[in-house]
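Chains as they are written, first to last, in the numbering used here: chain A, 7 to 210; chain B, 30 to 354.
Wrong hints could be hidden among the right ones.
[As the list claims (entries may be wrong)] Going by beta-carbon spacing under 7 Å, a handful of chain B positions derived as facing chain A: (1) Leu-31; (2) Cys-66; (3) Gln-70; (4) Pro-131; (5) Gln-132; (6) Phe-156; (7) His-157; (8) Val-263.
[To be verified] Just so you have them, the derived chain B footprint on chain A, three or more residues with Cβ under 8 Å: (9) 82-95; (10) 102-111; (11) 146-152; (12) 173-182.
Keep in mind the hints are simulated off the structure, nothing from the lab. Just so it is clear, CB atoms sit at the ideal spot from N, CA and C, and this is done for glycine as well.
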Amino acid sequence: MSDDNVTRHLTRRGFLTTVGVGAAGVAALGPTPAEAAPPAVTEEGDMLRVVLKVNGREHRLLVEPRWTLLFVLRERLGLTGSKAGCERGECGACTVLVDGVPRYACMTLAAEAQGHEITTVEGLMDGEQLGPVQKAFAEHDAFQCGYCTPGQIMAAEGLLRATPAPGREEVRLGMSGNICRCGAYAHIVQAVEKAAGLRQGGGR
Amino acid sequence: MLPAFSYVRPTTLGEAIRLAGRKGAHIHAGGTDLLGCLRDQVLGAETLVSITGLSELRGIAPARDGGLRLGALTTIAEVAADPTIRGRYAGLAEAASQVASPQLRNQGTLGGNLCQKPRCWYYRGDFHCLRKGGEMCFAAEGESQGHAIFGGDRCFAVHPSDTAPVLAALGATVRIAGAAGTRTIPVEQLLVPAGTNPQRETVLEPGEILTEVVLPPPAAGLRSSYRKVRARAVWDFALVGVALALRLEGGVARQVRVFLSGVAAVPWRHPGIEAALTGKPLDASIIAAASVAAAKGAEPLGKNAYKVELLRGLMTEELERLARG
Chain A
7 MSDDNVTRHL TRRGFLTTVG VGAAGVAALG PTPAEAAPPA VTEEGDMLRV VLKVNGREHR
67 LLVEPRWTLL FVLRERLGLT GSKAGCERGE CGACTVLVDG VPRYACMTLA AEAQGHEITT
127 VEGLMDGEQL GPVQKAFAEH DAFQCGYCTP GQIMAAEGLL RATPAPGREE VRLGMSGNIC
187 RCGAYAHIVQ AVEKAAGLRQ GGGR
Chain B
30 MLPAFSYVRP TTLGEAIRLA GRKGAHIHAG GTDLLGCLRD QVLGAETLVS ITGLSELRGI
90 APARDGGLRL GALTTIAEVA ADPTIRGRYA GLAEAASQVA SPQLRNQGTL GGNLCQKPRC
150 WYYRGDFHCL RKGGEMCFAA EGESQGHAIF GGDRCFAVHP SDTAPVLAAL GATVRIAGAA
210 GTRTIPVEQL LVPAGTNPQR ETVLEPGEIL TEVVLPPPAA GLRSSYRKVR ARAVWDFALV
270 GVALALRLEG GVARQVRVFL SGVAAVPWRH PGIEAALTGK PLDASIIAAA SVAAAKGAEP
330 LGKNAYKVEL LRGLMTEELE RLARG
């Protein structure tokens, strides 16, 4: 199915789902053309041409040098799953995957994200279905207000990609870059352990 | 939103050096410290010169002499996970694994960790303090819980790096590239003591770029370690940290190097502890003597005398751990 067919009947939810589906389709593309020609010195306020690959889709954008990846994801691409918390690398709500490893989108310039694979929480969907980490968080009530949850989920996703079967201490350390002010930590740890099983096809 | 700046990402080291030498230019590597400094207006930047396109500054490779070369852009996570470092320079792997949070370790670089700005709450906050070009250090008579107990001189901010003290203990050097060529200096001489100049952290001149950290080959029987105590178990900077490197030769400690973090504007070398250990077996009485020696020369401020006791306890535990192997 082409992207055009999918996007014809767009709801916001449908759009996000489409973005997620795209991930598998174009993940094999090589380096983006933008890598070959780095931006020249810009004057203050000038815009940079960048190509950002988010959830498998390439987006050609003009960005200000000072724009963070988080700002561009939310305010230019409409991917509002990633949350702005502290905006200073101290809370983890903005966590996304960059080339498969978790990083803070608030501490990453959009210009610096060029040439890398960005994955946001929207990119974990499997069609209309939640991905395994999302499912485990929902099933284990691993949140109260939910604001930190997308970041928690991306930290867990990154942890489990590197360490598919972590022990309890590895989970606690792997999740230590994300703060939950509701204090749902016990359930978060349980959800990550459950997600490890789901990702490995352990069911239940 | 960050204040506005222009941005350039050169593809050659020569171009990066040229651009970084311009007025108002700051080097962007991992960005985790730089962006925070810009946001807090600790420093202003007209231009960010991103060196992330310089792939030759990335990665870990054996040196010809049997040592190890670590590119400045190697991430802290890569340092922590590297099997050679874990096996031969365990203290460095321990330090890297205690830096910040998983996300920041994936992004922050080794070079950046050495060149970061202090975390003093006055310096980072809305105070025009001595280090920012003002008249006075507010910690001297103020909230000094996180501040220096050694070598404070007009400014009492401490250096926040975990990798710097252990690299200094291991005798590592850094390569610095500039317009006039490259120079190599010990890590120990990279950072600037408060008494020398309280307004700069490193000896890097404008346009100079730290390109590589070089570890010497590990001596026979080398043991190294690093541990820091924080207000919380993760994600925080050292209140006090201890980096140790020594050779155990028939149970006797040789070539002892002790550098402390969280207690001075630079990784603080402590000759008194080194003297208490050198040529001695790491037994209970020697360890107790080293712990006593650790407090010598400490000059706590109004609210950080606890750091002296913390240092003594940490020194004891770390020496016991090192002795056990």
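Now the hints, each set against the structure:
no.: 1; hint: Leu-31; verdict: holds (4 Å)
no.: 2; hint: Cys-66; verdict: violated (10 Å)
no.: 3; hint: Gln-70; verdict: violated (13 Å)
no.: 4; hint: Pro-131; verdict: holds (5 Å)
no.: 5; hint: Gln-132; verdict: holds (4 Å)
no.: 6; hint: Phe-156; verdict: violated (18 Å)
no.: 7; hint: His-157; verdict: violated (21 Å)
no.: 8; hint: Val-263; verdict: holds (4 Å)
no.: 9; hint: 82-95; verdict: holds (count 3)
no.: 10; hint: 102-111; verdict: holds (count 5)
no.: 11; hint: 146-152; verdict: violated (count 0)
no.: 12; hint: 173-182; verdict: holds (count 3)
In summary, the numbered hints that this structure violates are 2, 3, 6, 7, 11.
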